[in-house]
Every structure is written in structure tokens, then in C-alpha cells.
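Colleague: Below, each chain spelled out in residue letters.
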Amino acid sequence: MSFELVILISMLAVFAAGVFIFKLPAGVSLMLASITGAFVAGEGLPVRHLVEGSFGFLEAIMIIATAMIFMKVVEATGALSTISYYMIKSLHKRPTLLIIIITFFVMFPGMLTGLSSACILTTGALVVPALLAMGMPKKAVGSLIAMAAVFGEIAPPISIPVMIIGGGVDMPYIGFTGPLLIASFPPAIFTAIYYRKKYLKDFNIDEVLEKLENPVYDQYGFKLFLPIILVIALLLSEMLFPELMFHLGVPLIFMIGTLTAFGTGNKFKPVGMLQNSLRNAMPVMAILIGVGMFLQILTLTGVRGYLAVSALQLPEEVKYLAAVIMPFFGSAYAAASVIGVPLVFVFLGKNSIIVASALALMAAMGDLMPPPSLLCAYAGQMVGEPNHFKILKASALAIFVTGAVGILMIYFANDIGQFINLF
Amino acid sequence: MKIDHKIVASFLLFLMTVVCIVSGVEFLDMRTPDVIYPSEDLTKIGKLSDYFEELKDGSGDTDIYFFEGKEPGATVLLLCGTHPNEASGFIAGVLATENVKIKAGRLLIIPQACLSGFSCTDPMEGYPQSYTLESKSGERKFRFGSRVSNPLDQWPDPLVYSHFPSGQKLSGFETRNLNRSYPGRPDGTFTEKVGYAIVQLIKKEKIDLAFDLHEAAPEIPIINAIIYHEKSEDIGLNAILNLEFRDLRYAPERSPENFHGLSHREWGDNTDVYPFLMETCNPIQGRLRGRTNSELILTGKSPQYLAAQETGKLRIEYDAEGVPLDKRVARHLQGFLEIVNSYNEFFPEKTILLEGLPEYEDLLENGLSNYLK
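If you're matching them up, the sequences are chains B and H in order. Per this note's numbering, the first sequence starts with residue 2, numbered consecutively. Per this note's numbering, the second sequence starts with residue 10, numbered consecutively.
This is chain B alone, in the form it adopts within the complex (with noise of 0.2 Å):
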């Protein structure tokens, strides 16, 4: 057995001990595992190693504390209720038309940015109220909005796994949008017709309504929008006019929607507000802080490319196996920079800009996944589901159709590129 690979199953060991058996936060774990690698790779206690690492999702770690606060908010004022009443009001008739338009309505925050957790927090968070209401059960909701996440962290205009792929190899982010929607919208119209189908049964509609928040537009108009609006047009706006737009960045942005959210809707207290959001922000924000240390100690003591030269070494007849473990990185970012970059090298031969649009579905599907399990333990968060391994459990068959969706691309990029180029 090799060294690195006792490294990694003591580390595994530890933050399983610590989740499991003392029922420690998921993040203390990861930091804890951390510490434990180092040990046992000889490293001692690499203090600076440990604090630059809790550093690598620092940006992220500021998007979810400000999306958190800001959803908070406007669910405070009564928006994010009234969208969900109204939305299932003009649907309910046509019961899969809704959830599909669900799914891409959960999916648009992330073809914006890039950001999975961005389609939870913000859309997500909207709809999850109306698909309870439903009758739909807390674990597939859950499910239904983290698959979503997924899909459109792949999703063009903006795919930020493929970015990565694309800057290891040198490939500009040129002719991608073809590919990236082959990549997510038929699994995201599988999926959202499989929860459908398997989860949502018929329903009174009346009834689902008085389970709803009253809708409060009457009482205050339009204006009970204008943040969700005000979030959205800057958010395009930074995408889509860099050049004339001062770059505030994506924190800023939501916290100049939660600043403009008062006097919009229903009053709110916000202190109260602010002490409430964070503390539910609190336990992903450790986890981001742990995963950021864990891949560091991984990279230190070499069990990273130990993990990279693995997948690389799997018989030639099963190299798509190499993608198939992608998600199995616990991070979408992680697996595409990881294991993204030397696997456009595997397949070369085929269609780059395919192959890396498939890897990069492959990457993302790795923000669902163990140790983090970000994206599960975010949407157990909005759906109320305090094991989020329920939730992952309940995408087993959405992640399986994905996986293959992204296998088969890989294996006939040639024929697809040839296609998308007809148009």
C-alpha cells in the first residue's frame, strides 16, 4: 500500500470518526483531517499551510454569507412567498410544464454566475416553499434544486468548470455554448420530469395555496420585487457589460439588495435578521473552510496527484472510468483543476471543446458529493432535512443519468462537435 494512500484513508478515517461517531461539525471534522494528514505524512502541525488553505474559498464563503442574509430578507418582506403563490397559481394546470420551468427557474442564477450555490440560495430558496407545499417530500425537493445547482453551474453563458479546464490546457472560452447546453438541459429536463413523475403527485390546488404565506403584492406592489430585480440586473449587468460596468463584485451585490429590501414589503428586524442568516450560514461556511484546508494538505504531502495518477492509471478499456471519479473529488472547482485538465490530454483525438464541456458536467456533480456534500447540505438547509445524505440519496438515479450523459458525450465528441457545427 502506498504511502499516500494511508495518508488519505487516516484523513477519511478522522472526519468520519468526527461527523459519525462524536457528531462533530462537518467542517471541524475536515480541519481536524487535515491536521491528522500532515501528522502522518511527517509534516508536523504546517500552521501556515492549515490557515491558507481555510483561505481558498474565501470569495465563496462571502457569497453564501451575503446570498444568505439577503434571501433571509426578502423572505422577511414577503417576496419570496408571494413569487411561490403565484407561480404554482398560473401553472398548477400543467403540473410538469411547472416543474421544468422550476428547474430552469433554480438553474438561471448559476448560467449567470458560475456559482452553484448561488442557484439554491437565491432561486431555489424561492421555490422551495411552493414544491412543499405541493405534497412533494423534504429529501426530493432537496434533491430537485442541488441537481438543478449543477445543471446550471454548466449551463452557458458562464461555466465556470469549464474556465478552469480551459486555462489548464490554454483553450479560450470560444465555441462553448453548443456543447455546455447539450450538457445541461436534457438531464435537467430528465430530472425535472423524473420528480415529477416519481414525486409529485396530484394535488388540491386550493388546499397547496392556504398552506402558502398569504401573497402580500396587493398590500405594497411592485415595489416588494425591486431587490430581487435590483440583484438580478446587476448581476447580468457585471456579466454582460464588463466594460461599462464598476466591478462590485458578487458579496456587494447582494448586500446592496438587502439594503434597498427595506421599506419594500412586510418590516422586519435586522439585527435579529442578520444574527438568524449567518447562523444558518455558519456550518457551510465551515465546511468550505475545511475543504479548503483538507485539498491543501492533499496537495502538501502528494495524495492529490497520487489520486490524479490513480484515475490516469485504470486499463485503457475503462479510461472513461478516470471521469467517472471526477465527482468523487467533493468539489466541482477542485475536479475540473485536478483531474479536468490532464484528462482533455487522455482524450485527445476527440473533440476538445466536447470533451471538455462533458468533464466539466462531471466536475460539477462533485459539489453534491462527500466529504462536503456542499450543495446537499445546502438545499437540507432551505427544505428543512436535517441528514443531508437523505438528499444525495435521493439524486442517486439523476446523478447516474448525468454521469452517463457526460460518458456518452466524451465517447462520441467527434460526432457531436460535427453536429453542433451543421448550426
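No wet-lab data here; the hints were simulated from the structure. Hints are supplied without guarantee of correctness; some may be wrong.
Claimed, not checked - Here are the computed lysine-lysine pairs in the PhoX-like style, where the Cα-Cα straight-line distance is at most 25 Å:
| no. | chain 1 | residue 1 | chain 2 | residue 2 |
| --- | --- | --- | --- | --- |
| 1 | H | Lys-215 | H | Lys-240 |
| 2 | H | Lys-53 | H | Lys-65 |
| 3 | H | Lys-240 | H | Lys-65 |
| 4 | B | Lys-24 | H | Lys-11 |
| 5 | B | Lys-24 | H | Lys-15 |
| 6 | H | Lys-53 | H | Lys-145 |
Please arrange chain H on chain B, whose structure you already have, making use of the hints.
Modeller: The following block gives chain H in isolation, referenced to the frame of chain B:
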């Protein structure tokens, strides 16, 4: 037993204070400048802010070493340290600065083009902060930095980086990458301002021939390559042929016309210079590398690359001997010298005559320590 939460909070606060102090001392150590001892032929040391005032005294205001020959001739720019995690480029610049003698023309050396990036390392890469080399005066420590500018100088990154003026989209991280920022702009980001200043330098000093020294991971196809703008093609191919005669293989790579922001593209498009970018093989940058430490910078030995090579699935230029730093520096310097010679052949009326720089074989035989003061 239930412990008072105030005691727990106080303990954690104390623990975090200790962590901040211990790591803070290490992080601050990266702000100690590297020391370079220029050769006797040094004419003056300029600053990048001489070409764009706004950079003055800031973390982008890097040193420029001027060497001017008695005879007139061509002006050459040797730009190193664009990516501070690519050690051979920086050390080649240090070695050239400490050894070069000039008879005709002018040589400008910037050893640390992205000075800001030398003050930090990249999170989650597990990089060492420095490495030590033997020299004539004993051990010398050099910083090993980040691929990009320090986020303390430019933050936050956008989600997507839109290159000016092409509008080309890259991941947000690349917004701090100097070699994606050219031609830069005076009212842009910190990194774009540094890129702008370098382009102004090329224009104002009327640089004829310019080099940008880099390294790349063993699995990247453009390693051990000379990348040239289309207008530099004849000079580059002639030099590559001469290098072949010495049994040194450099892959010729023409700069892609639709990939913007890079020195070999934008310097060529926006100035009169003949630009070249050279890459050596650097395992510590690779995604397949094993344990990450300063030893890996110096020896370039990573058994995992051998294992990856044996799979036959990647085109990896690597052997069991590794790719030691002195070999990588020697390749850069020999490539530089051959391109300068080739330029002199094409422009005999405006040559640059350099001495004092070791040939490839000499550097391998004598080692870096004999050329570092």
C-alpha cells in the same frame, strides 16, 4: 460535565490569536525582498513606475536593470518572474543580471515582472514559500510565489475575466494573471496597470527584441517550447535550428491569433518588438505531482510523473532524472542566447553583443552556485 461556553470561547479566541501570530509571521516573511547583485556592467537600476507613474512605490513597482554597451546596437528586454511560481525564469533573470557583460546595444532585465505575486503563494497548492540555492557567497534564499498578483493588491476577482480590449472571457482567477493582461490599460486593474507599464516600457525604450521566460507542468504540450509572434517566426525558427545542432530540442509554437492577453501575442500586435516566450518543464506546477516542497523546485523529481508517463495516456516530457533547476535555467539562457544570435544574423546593422552568460553545457557542469554571487 458541562463547560461554561465563555471558557470555551476564551480558549478558542486564545488559540486563534496564536494561530494568527504564527502564520502571520510566516506570511510577512514573504515581503522581504530578494537580493540581486548586478554585474559591473550595470548602467542603472530603473523602476517600472518610470513608465507609468501610478505604480510608484507600490507593490507593482519592480526594478529594471539597465546594461548599456559602449557601441550602439539593438535594445533587448529580458522579462522574468511573470509567474513567480515558475522558478527557472526568475533565476535565469537573476543569473543574467549578476553575470552579463555587454559590448554593443542595450539589455534591460526585469527579474520580477509580477513583483506582487512574489509576496504570497496560492491557496490549496501547498507551495513552499522559498527555496535556498548555494552561491559564491554562501546560501541564498529566493521567494517562490503565486502564479498571479497578490489578492491584497487586487481583490475581489470577478467571476469571469473579460480581457481588454478583445473582450475574451477567462475564469475570474486570470484577472490577476500578468500574462493575460497585455496590452493593459492605465485605468484598469492593478495587474492591467503593470501590463500597461511593461508595454509602455517596450515602446519608450524602443525595444527591438523581447523575451518572457516561463515554465509549465510536464503534462502541458507547450513545455520546452519557444513561442513566437508570426513576425518573429524567421528569427525563432533559425534559433531553434541552431539549438538542434547542440542537441537541444525546443518545440516551435506560433502564437495563436485568437488567444489574447499573452505577451507573445499582444507585445507583437501593439508594439514594434519581436517577442518570444520560452517554457521549461516544471513538475511543481503539475497537477500530478507528489509531495510539494522546495526540494521539488530544485530537483524537479516527482516519481508520480514517471508513473503517469508509464500509463502512456499523456504526452509527458519527463524522465527518472527529473528536471533540475540548473538544467531549466540553462535551457532558458541558451534559448535566449541563440535567439539573440539569430536576431543579430537577421539585423547585422543593429546587433547586440553579450558576454559573461554561461553556455548550456557550462552551466550544467559548473552548477548554478558558480554563477550566483
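Colleague: For each hint given before, does the structure comply? Return the numbers of the non-compliant ones in rising order.
Modeller: Number 3 - this is the single hint that the structure violates.
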